[in-house]
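Using the sequences and the hints given, assemble the complete structure.
As they're listed, the protein sequences go chains D and B. Mind the numbering: the first sequence is residues 397 to 691 in the working numbering, read in order. Mind the numbering: the second sequence is residues 1141 to 1366 in the working numbering, read in order.
The set of hints was computed from the structure by calculation and includes no laboratory data. Backbone N, C-alpha and C define an ideal beta-carbon position, used for all residues, glycine too. Hints may contain errors.
[Stated by the list, open to error] To give an idea of the chain D side of the interface with chain B (calculated C-beta under 10 angstroms), a few residues:
| hint | residue |
| --- | --- |
| 1 | Arg-409 |
| 2 | Ala-413 |
| 3 | Gly-450 |
| 4 | Pro-477 |
| 5 | Arg-480 |
| 6 | Ile-482 |
| 7 | Ser-483 |
| 8 | Met-485 |
| 9 | Asn-494 |
| 10 | Gln-505 |
| 11 | Ala-542 |
| 12 | Ala-546 |
| 13 | Pro-551 |
[Unchecked claim] Among the chain B residues that face chain D by a calculated CB cut under 7 angstroms, a handful are:
| hint | residue |
| --- | --- |
| 14 | Ser-1259 |
| 15 | Leu-1260 |
| 16 | Glu-1262 |
| 17 | Thr-1266 |
| 18 | Leu-1267 |
| 19 | Gly-1268 |
| 20 | Pro-1281 |
| 21 | Asn-1282 |
| 22 | Pro-1285 |
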Amino acid sequence: MENDVIFIDVEKRMLTANGPMNLSVHTSIPSCELVALFGESGAGKTTLLRILAGLVTPDKGLIKFGSTIWFDSEKKINIPPQIRNISLMFQDYALFPNMTVEQNIQFAQPEKGQSKVDELLVLFGLTEFRKRKPTGLSGGQKQRVALARALARNPQLLLLDEPLSALDAEMRTTLQNEIAQAHQLLGVTTIMVSHDLNEVFRLATQVLCIENGSITRTGKPEEVFSDSSLSGKVQITGQIARIDKQDTINIVTVISGNKQIIKVIAFDSDLEDMKIGDRVMVFSKAFNPIITRLK
Amino acid sequence: MDPTFAQTLWLTLKLAVSTTAILMMIGLPFAYWMAYTKVRIKPLVEALVSMPMVLPPSVIGYYMLVIYSPRNWFGEWLGRIFDVRLAFSFEGVLIASVIFSLPFMIQPLHNGLRSLPDSLREASYTLGKSKGTTFLRVLLPNIKPSIITAVALTFAHSIGEFGIVLMVGGNMPGETRVASIAIYDEVQALNFEAANRYALILFLVSLVLLTTIYSINKKYDTWKMM
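If you want it as structure tokens, here you go:
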């Protein structure tokens, strides 16, 4: 297994909405993990994913999958996407409109085998839609077809580009479970682009935080997103949605996950380096939180 | 039926079918290349392809005649090696017609390919499929309306070809005298009844073709909305 580590050392100049940026990534990814690429939009997550897929060529560097070289600018090696044996699930799913659900899955198979197709249709609850074209499917169903198709290829690396971004909160939870299940079942190394903390915590075994084109932190989700020097008893991460100024204090509204809204009282001095949209951690030290089961 | 009339219609049909078939074979790979190439001279190539839409047929016809002429190296070479004379022959008219109808085939195909999301092509590549398989099984089936539009427009345009046929082919019965030329000829001869017959047939064929294109495209639009 040791030699299945993906080694990435690449640089790429890219143009983003905020001007030119240098994507510079040096990291390695162990096999069989579910790795989240986490960061703001425009940080270079999708580009890195497309570089791994072979759809974008880096300016220089080296990418190795185990002992196989995928890209080496010095030796002028650039293996095309077709023979990297990967599957990329696109943000817009990229289902082929001319093919039915079943044909989409069959198309991805390296060798035709109806039993594998049936297995995937059952696994993702798609059996009754097998003869339908993608245009007749809901967002959640399309996502399932895309995932089933990606797995039909038997990839050694599964790349997911914001797999759940187009879905509502409830559908997300269901499909997060399915991704986790598929990952456990097949044990395929998976890299998932995400900017949703909730998703990262639920699914990822490793996180790579990417900011302005470089990786700033790596590790397990709880290590990366919690500051270990704090002895807080409750820690919630979220985003500042509103700051209401009262007489001497401020009421800060923090949204955590998709549903939880927390109001925190803060002094002006606490908020000096914070603004709306910042990712923050809300924690408490003084009291013991009480836990109860949700009905 | 009057044999001259039948012969003219047959020649018109033969020219239109041959032009469309040849352009289909050239047009698909060419439109594919144009849709995805990154070469710098692409705007020039696009401009050249579209030239027949803005230039008078007489200009292109003139250049074709110059090229075909045995006094020119190409015409001389064709005559010497293959014993072929293109000026005022069906083959010469066919080549001119292919060049003149090029934009009507290329542009709908090019637009169709460009309107497909890049992710379709990329998804097929990442699933291990070659460029050829991707083109035949993913791209082409998803631009069916564009293919139908391209074929019908090319066919309709070739049927109505006038200026370039007159320039390159003249008015030789059984060789280059197509319906549009015949109309002109009959009107000149004040033979309005014959002109009327040709005109009516051209009018009806074009109307049927265009109505077919629009109804097919409407059907695909409705599918997309569903």
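Tested hints:
no.: 1; hint: Arg-409; verdict: violated (17 angstroms)
no.: 2; hint: Ala-413; verdict: violated (18 angstroms)
no.: 3; hint: Gly-450; verdict: holds (8 angstroms)
no.: 4; hint: Pro-477; verdict: holds (4 angstroms)
no.: 5; hint: Arg-480; verdict: holds (8 angstroms)
no.: 6; hint: Ile-482; verdict: holds (6 angstroms)
no.: 7; hint: Ser-483; verdict: holds (6 angstroms)
no.: 8; hint: Met-485; verdict: holds (9 angstroms)
no.: 9; hint: Asn-494; verdict: holds (4 angstroms)
no.: 10; hint: Gln-505; verdict: holds (9 angstroms)
no.: 11; hint: Ala-542; verdict: holds (9 angstroms)
no.: 12; hint: Ala-546; verdict: holds (8 angstroms)
no.: 13; hint: Pro-551; verdict: holds (9 angstroms)
no.: 14; hint: Ser-1259; verdict: holds (4 angstroms)
no.: 15; hint: Leu-1260; verdict: holds (5 angstroms)
no.: 16; hint: Glu-1262; verdict: holds (5 angstroms)
no.: 17; hint: Thr-1266; verdict: holds (4 angstroms)
no.: 18; hint: Leu-1267; verdict: holds (5 angstroms)
no.: 19; hint: Gly-1268; verdict: holds (5 angstroms)
no.: 20; hint: Pro-1281; verdict: holds (4 angstroms)
no.: 21; hint: Asn-1282; verdict: holds (5 angstroms)
no.: 22; hint: Pro-1285; verdict: violated (12 angstroms)
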